[in-house]
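Undergrad: Chains as they are written, first to last, in numbering that gives the first Met the number 0: chain A, 0 to 256; chain B, 0 to 260.
Hints are computed from structural coordinates only; laboratory data are not their basis. Note that the coordinates shown come from a computational prediction; the quantities given were computed from them, not determined experimentally. Fair warning: there could be bad hints in the mix.
Here are a few chain B residues that sit away from chain A, every Cβ distance over 10 Å (derived from the structure) [stated by the list, open to error]: (1) Ala1; (2) Asn49; (3) Gly63; (4) Asn78; (5) Arg84; (6) His153; (7) Glu247; (8) Ser255.
Some chain B residues close to chain A (C-beta under 8 Å, calculated; not the full set) [said to hold, decoys possible]: (9) Leu51; (10) Thr53; (11) Leu85; (12) Ala109; (13) Gly143; (14) Val231.
Derived SDA-like pairs: lysine to any residue, alpha-carbon spacing no greater than 25 Å straight-line [to be verified]: (15) B:Lys104 - A:Ile220; (16) B:Lys16 - B:Lys104; (17) B:Lys104 - A:Gly68; (18) B:Lys195 - B:Pro118; (19) A:Lys69 - B:Phe12; (20) A:Lys164 - B:Gln92; (21) A:Lys64 - B:Asn149; (22) A:Lys193 - A:Ser14; (23) A:Lys164 - B:Arg82; (24) A:Lys164 - B:Ala69; (25) B:Lys104 - A:Lys193; (26) B:Lys125 - A:Ile167; (27) A:Lys164 - B:Pro118; (28) A:Lys72 - B:Gly13; (29) A:Lys251 - B:Ser156; (30) A:Lys64 - B:Phe12; (31) A:Lys251 - B:Val80; (32) A:Lys72 - B:Thr15; (33) A:Lys251 - B:Thr101; (34) B:Lys124 - B:Asn149; (35) A:Lys215 - A:Asp194; (36) B:Lys16 - A:Ser165.
Quick reminder that beta carbons are idealized off the backbone N, C-alpha and C, glycines included.
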Amino acid sequence: MLEFFTSTTFQTVLSALNSGFLKTLQLFFITLIGALPLGLIISFGSMSRLAPLSRPVHWYLRRNKREPGKIAKLLIAFQPIRLVCRLMVWIIRGTPLVLQIIALFYVPGIQKWFNWPSGEAGRMMAVCVAFIINYACYFSEIYRGGIQGVPTGQREAGQVLGMTKSQIFRHITLVQMIKRIVPPMSNEIITLVKDTSLARVIALQEVIWMGESFMKGNSGIAGLTWPLFFTAIYYLVFSGVVTVLLGKLEQKLAFFQ
Amino acid sequence: MAILEVQHIEKHFGATKVLEDISFSLEKGQALSIIGSSGSGKTTLLRCLNFLETPDSGTICVQGETLFDAADPATQRENEVRRKRLHFGMVFQSFNLFPQYTALKNVTLAKELLSQERPDFKANKKAILEEIQAEGRELLGKMGLSDRANHYPHQLSGGQQQRVAIARALALHPDILCFDEPTSALDPELTGEVLKVIRSLAEQRTTMIIVTHEMAFARDVADQVIFMDGGVIVEQGDPHQVIEHPREERTRQFLSRYAQN
Numbered sequence: 000m001l002e003f004f005t006s007t008t009f010q011t012v013l014s015a016l017n018s019g020f021l022k023t024l025q026l027f028f029i030t031l032i033g034a035l036p037l038g039l040i041i042s043f044g045s046m047s048r049l050a051p052l053s054r055p056v057h058w059y060l061r062r063n064k065r066e067p068g069k070i071a072k073l074l075i076a077f078q079p080i081r082l083v084c085r086l087m088v089w090i091i092r093g094t095p096l097v098l099q100i101i102a103l104f105y106v107p108g109i110q111k112w113f114n115w116p117s118g119e120a121g122r123m124m125a126v127c128v129a130f131i132i133n134y135a136c137y138f139s140e141i142y143r144g145g146i147q148g149v150p151t152g153q154r155e156a157g158q159v160l161g162m163t164k165s166q167i168f169r170h171i172t173l174v175q176m177i178k179r180i181v182p183p184m185s186n187e188i189i190t191l192v193k194d195t196s197l198a199r200v201i202a203l204q205e206v207i208w209m210g211e212s213f214m215k216g217n218s219g220i221a222g223l224t225w226p227l228f229f230t231a232i233y234y235l236v237f238s239g240v241v242t243v244l245l246g247k248l249e250q251k252l253a254f255f256q
Numbered sequence: 000m001a002i003l004e005v006q007h008i009e010k011h012f013g014a015t016k017v018l019e020d021i022s023f024s025l026e027k028g029q030a031l032s033i034i035g036s037s038g039s040g041k042t043t044l045l046r047c048l049n050f051l052e053t054p055d056s057g058t059i060c061v062q063g064e065t066l067f068d069a070a071d072p073a074t075q076r077e078n079e080v081r082r083k084r085l086h087f088g089m090v091f092q093s094f095n096l097f098p099q100y101t102a103l104k105n106v107t108l109a110k111e112l113l114s115q116e117r118p119d120f121k122a123n124k125k126a127i128l129e130e131i132q133a134e135g136r137e138l139l140g141k142m143g144l145s146d147r148a149n150h151y152p153h154q155l156s157g158g159q160q161q162r163v164a165i166a167r168a169l170a171l172h173p174d175i176l177c178f179d180e181p182t183s184a185l186d187p188e189l190t191g192e193v194l195k196v197i198r199s200l201a202e203q204r205t206t207m208i209i210v211t212h213e214m215a216f217a218r219d220v221a222d223q224v225i226f227m228d229g230g231v232i233v234e235q236g237d238p239h240q241v242i243e244h245p246r247e248e249r250t251r252q253f254l255s256r257y258a259q260n
C-alpha cells in the first residue's frame with residue numbers, strides 16, 4: 000500500500016491533478032469575485048421602477064383630457080431596465096451552462112467578431128466570462144429575494160429619520176439582506192465548486208480533464224482509471240472547507256434576529 | 000401661530016378615497032389625539048405628514064413654512080423631502096427598530112449620519128460622535144433604559160423596544176412627534192410603561208400627534224381630540240367633550256362600541 004503512494008506514477012498523477020486543481024480554484028475565485036458584485040447590479044436592475052414613458056404619456060393624456068386606453072397603460076408600465084434584466088436572467092437560467100460556455104468560446108470566432116487569445120489562457124478567459132455571467136444571474140435572484148425580504152418598515156424607519164436611499168441600503172438593508180441570503184448563497188457556491196468541471200467541455204485543463212487524461216493518455220500515461228475518480232477527493236475537501244467558512248459567517252451574523 | 004397647519008388633505012389609493020378634506024391645526028406644546036376605528040384613515044394621515052405617502056391634494060405647513068403643496072411639484076423633490084421629514088418624528092406600531100444595532104446605536108445612528116454633512120465634521124469627528132453618544136445615553140436614561148443601552152432589540156421586551164423607538168425619534172429633536180398606535184402591538188402589561196413615557200413627554204410640553212385606541216389615555220393626555228371615520232374628520236375639539244359628550248351620532252356609536260369591549 001505504502002509503495003503505491005511513494006511510486007513515481009502516483010507522484011506524477013498527483014502533481015498533474017494538483018496543477019489541474021489550481022485551475023479549478025482559479026476559475027472558482029474569479030467567478031465569485033466577478034459574479035458577486037455583478038449579481039447585485041443585476042438585482043437592482045430587475046427591481047428598477049424606471050418608467051421613462053410614464054411622465055410624457057400622463058402629460059399627453061392630461062393635455063388632451065383623455066382617459067388612458069390599453070396602449071397608454073402599456074406605455075406607462077414600460078420599465079426598460081427591469082425588462083432587460085429579467086429577460087437576461089430568464090435566458091441565462093433557462094439554458095444549460097455547458098451550452099453557454101461552448102457558444103461564448105466558439106461563436107465569436109465563427110462569426111468573425113473577435114478571437115479569444117490562443118491556448119489555455121484564451122480558454123480560461125472565455126470560461127470565466129461565461130461563469131461570471133451565469134452565476135451573476137443566479138446570485139441576482141438570491142439578492143432580490145434577500146432585499147425584498149427585509150420588511151418595508153425598516154426602510155420607512157430610515158426614511159423618517161432623514162436618511163438617504165444609499166444610507167438606508169448601506170446601514171440598514173445590507174446586513175439584514177446578507178443574513179437572509181447566506182443559506183441560499185451557500186447552496187449556490189457549493190454548486191459552483193462542482194460546476195467548474197464543466198469547463199472541460201472546451202478542454203480547459205482543470206482537475207477532471209487532468210484525471211481523464213491518464214485514461215486516454217494525453218499526459219504520457221494511458222489506461223489508468225483511478226486518477227479520474229481520485230479527483231472527487233479534491234472536490235470533497237474543497238466543498239468541506241467552503242461549508243465550514245460559510246457556516247462561520249452564518250454564526251457571525253447570529254447576533255441579531 | 001400654530002406650529003402645524005394641515006389644509007384640505009386628500010388621498011386616494013387607486014379608486015378608494017382614504018382621506019377627504021382633512022384640515023386641522025396644532026399649537027406648539029400641545030398634544031393631539033386621533034381616534035377612530037381601523038381603516039378610518041388615521042395611519043394614512045400620519046404617513047402623509049411624514050412624507051411616507053404623497054397626498055393628492057392639500058397643503059402641510061410647519062411654523063409658517065409650506066412643506067408640502069400638492070399643486071406645487073417644487074415642494075415634492077426627493078432630496079428636499081428628506082430634510083422636511085426631520086420636522087416630524089415617527090413612532091411606529093411595530094417599533095421598526097434596526098435589529099442589527101444595539102439600543103444605543105438605534106438612537107444615535109441617524110444623528111451620526113446627519114452630522115457627517117456638517118462642515119466641521121472632519122475636524123471635530125471624535126468630539127461630535129462622543130456628544131451624540133452622550134445624548135443618546137441620556138435619552139435612553141429618560142426612558143428608563145440606561146442598563147439596556149448595549150442590548151440588541153431581540154433581547155428587549157416589546158415595551159422596552161417601543162421606548163427605544165421613542166428615544167430614537169426624539170434624538171433628532173423633531174418639531175412634532177407622531178405616534179402610530181404605539182401600544183397596539185403590546186400586551187396589556189407592557190402598555191402601561193409606554194403610555195407613562197408618552198404622558199411624561201406631554202407634561203414636558205412636547206408637541207405630539209397620537210393615533211391611539213386607548214380612549215382614557217387620549218382623554219387625559221391630549222389637549223385636542225379628532226375623531227375620524229371613513230376618511231373624514233367627524234368631530235374635533237376638547238378631549239373631555241369629544242370622548243365624554245360627543246355631539247355627533249357616529250362618534251357616539253364608535254365610543255359605545257368601545258365601552259362594550
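Undergrad: Determine for every hint whether it applies to the structure shown.
TA: Hints, verified against the model:
For B:Ala1, the non-interface assignment is confirmed: its Cβ lies about 22 Å from the closest Cβ of chain A, beyond the 10 Å cut-off. Listed as a non-interface residue, B:Asn49 fails to keep its Cβ farther than 10 Å from every Cβ of chain A; the least gap is roughly 5 Å. At roughly 21 Å, the least C-beta separation between B:Gly63 and chain A is larger than 10 Å, which holds for a residue marked as non-interface. Look at B:Asn78: its CB is around 8 Å from the nearest CB on chain A, not clear of 10 Å, so calling it non-interface is violated.
The beta carbon of B:Arg84 sits about 6 Å from the closest Cβ of chain A, which is not more than 10 Å, so the claim that it is off the interface is violated. With a closest Cβ-Cβ approach of about 4 Å to chain A, B:His153 is found to fall inside the 10 Å limit, against its non-interface label. Non-interface status of B:Glu247 relative to chain A is upheld: no Cβ of that chain comes within 10 Å, the nearest being about 32 Å off. With a least beta-carbon separation of about 33 Å from chain A, B:Ser255 lies farther than 10 Å from that chain, consistent with its non-interface assignment.
Given hint, B:Leu51 at the interface with chain A, holds; its Cβ is 6 Å from that chain's nearest Cβ, closer than 8 Å. Checking B:Thr53 against chain A by beta carbon gives a least distance of about 13 Å; that is not within 8 Å, so the hint is violated. With 8 Å as the threshold, the beta carbon of B:Leu85 comes within range of chain A, its nearest partner Cβ sitting at about 5 Å, so the hint holds. At about 4 Å, the closest approach between the beta carbon of B:Ala109 and any beta carbon in chain A falls short of 8 Å, and the interface hint on this residue holds.
With a least beta-carbon distance of about 22 Å to chain A, the hint placing B:Gly143 at the interface is violated under the 8 Å criterion. A least Cβ separation of about 25 Å between B:Val231 and chain A goes past the 8 Å threshold, and the interface hint is therefore violated. Proposed proximity of B:Lys104 and A:Ile220 is contradicted: the alpha carbons are some 65 Å apart, above 25 Å. For the proposed pair B:Lys16 and B:Lys104, the alpha carbon gap of about 39 Å is over 25 Å, so the pair is violated.
Distance restraint check for B:Lys104 and A:Gly68: the Cα-Cα separation of roughly 51 Å exceeds the 25 Å cut-off, and the hinted pair is therefore not satisfied. For the given pair, B:Lys195 sits about 39 Å from B:Pro118 by alpha-carbon distance, which is inconsistent with the 25 Å threshold. Between A:Lys69 and B:Phe12 the alpha-carbon distance is near 21 Å, which keeps this suggested pair within the 25 Å criterion. Of the supplied pair hints, the one linking A:Lys164 and B:Gln92 holds, its CA atoms being roughly 23 Å apart against a limit of 25 Å.
Distance check on the hinted pair: A:Lys64 and B:Asn149 sit about 59 Å apart at the alpha-carbon level, beyond 25 Å; violated. A C-alpha spacing of about 20 Å is found between A:Lys193 and A:Ser14, which places the hinted pair at or below 25 Å, so the restraint holds. Simply put, A:Lys164 and B:Arg82 have alpha-carbon atoms about 13 Å apart, close enough for the 25 Å limit, and the pair holds. The straight-line distance between the Cα atoms of A:Lys164 and B:Ala69 is roughly 23 Å, inside the 25 Å bound, and the hint therefore holds.
Between B:Lys104 and A:Lys193, the direct Cα distance comes to roughly 42 Å. Violation of the 25 Å bound is thereby established for this hinted pair. A hinted pair counts as satisfied when its Cα atoms are at most 25 Å apart, and B:Lys125 with A:Ile167 qualifies at roughly 23 Å. A C-alpha spacing of about 21 Å is found between A:Lys164 and B:Pro118, which places the hinted pair at or below 25 Å, so the restraint holds. A threshold of 25 Å between alpha carbons decides the hint, and for A:Lys72 with B:Gly13 the separation of about 14 Å falls inside it, so the pair holds.
Proposed proximity of A:Lys251 and B:Ser156 is supported: the alpha carbons are some 24 Å apart, at most 25 Å. A C-alpha spacing of about 21 Å is found between A:Lys64 and B:Phe12, which places the hinted pair at or below 25 Å, so the restraint holds. The suggested pairing of A:Lys251 with B:Val80 is violated, with an alpha-carbon distance near 37 Å, which exceeds 25 Å. Pair hint A:Lys72 plus B:Thr15 holds up; C-alpha atoms about 20 Å apart against a cutoff of 25 Å.
For the suggested pair A:Lys251 and B:Thr101, the alpha carbons sit about 16 Å apart, so the restraint of at most 25 Å is met. The suggested pairing of B:Lys124 with B:Asn149 holds, with an alpha-carbon distance near 22 Å, which does not exceed 25 Å. With a C-alpha separation of about 22 Å, the suggested pair A:Lys215 and A:Asp194 falls inside the 25 Å cut-off, and the hint holds. About 33 Å separates the Cα atoms of B:Lys16 and A:Ser165, which puts this hinted pair outside 25 Å; it is violated.
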